[in-house]
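J.: Sequence:
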Amino acid sequence: WLIVVTDFQTRSRLLRSGLSPRGLAHQLVRHDDLLLGDYRLHLRRSLVRRRMLEALGAEPNEEA
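Position one of the sequence shown corresponds to residue 1 (full-length UniProt numbering), numbered consecutively onward.
It should be emphasised that the hints constitute simulated quantities derived from the structure, not laboratory data.
Given the structure is predicted, the values throughout are model-derived calculations rather than measurements.
Ideal Cβ placement from N, Cα and C applies to all residues, glycine included.
Among the hints, a few may not be true.
[Said to hold, decoys possible] With beta-carbon atoms standing in for the labels, derived distance ranges: (1) 24 / 49: 36 to 42 angstroms; (2) 17 / 39: 16 to 22 angstroms; (3) 52 / 3: 16 to 22 angstroms.
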């Protein structure tokens with residue numbers, strides 16, 4: 001199977017939990033070229049989003 005996920009949190013959860021179609025557990029293996037720079041950009045954007053929500057008085061959700 002080839003599963004493409006762009007959301008880092010979803011990707012992390014899938015890699016930790018794997019998949020269980022028909023009750024048969026399958027661990028997922030990472031075969032990508034994720035660059036550390038991409039992850040840092042994701043973290044920076046996430047932090048900016050959280051700060052913007054806090055400045056607006058909104059509660060950031062867990063997925064932010």
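J.: Each of the hints needs a verdict: does it hold here or not?
T.: Consistency of the hints with the structure:
| no. | hint | result |
| --- | --- | --- |
| 1 | 24 / 49: 36 to 42 angstroms | 38 angstroms, holds |
| 2 | 17 / 39: 16 to 22 angstroms | 20 angstroms, holds |
| 3 | 52 / 3: 16 to 22 angstroms | 31 angstroms, violated |
Figure legend: structure checked against the earlier numbered hints; the only hint not met is number 3.
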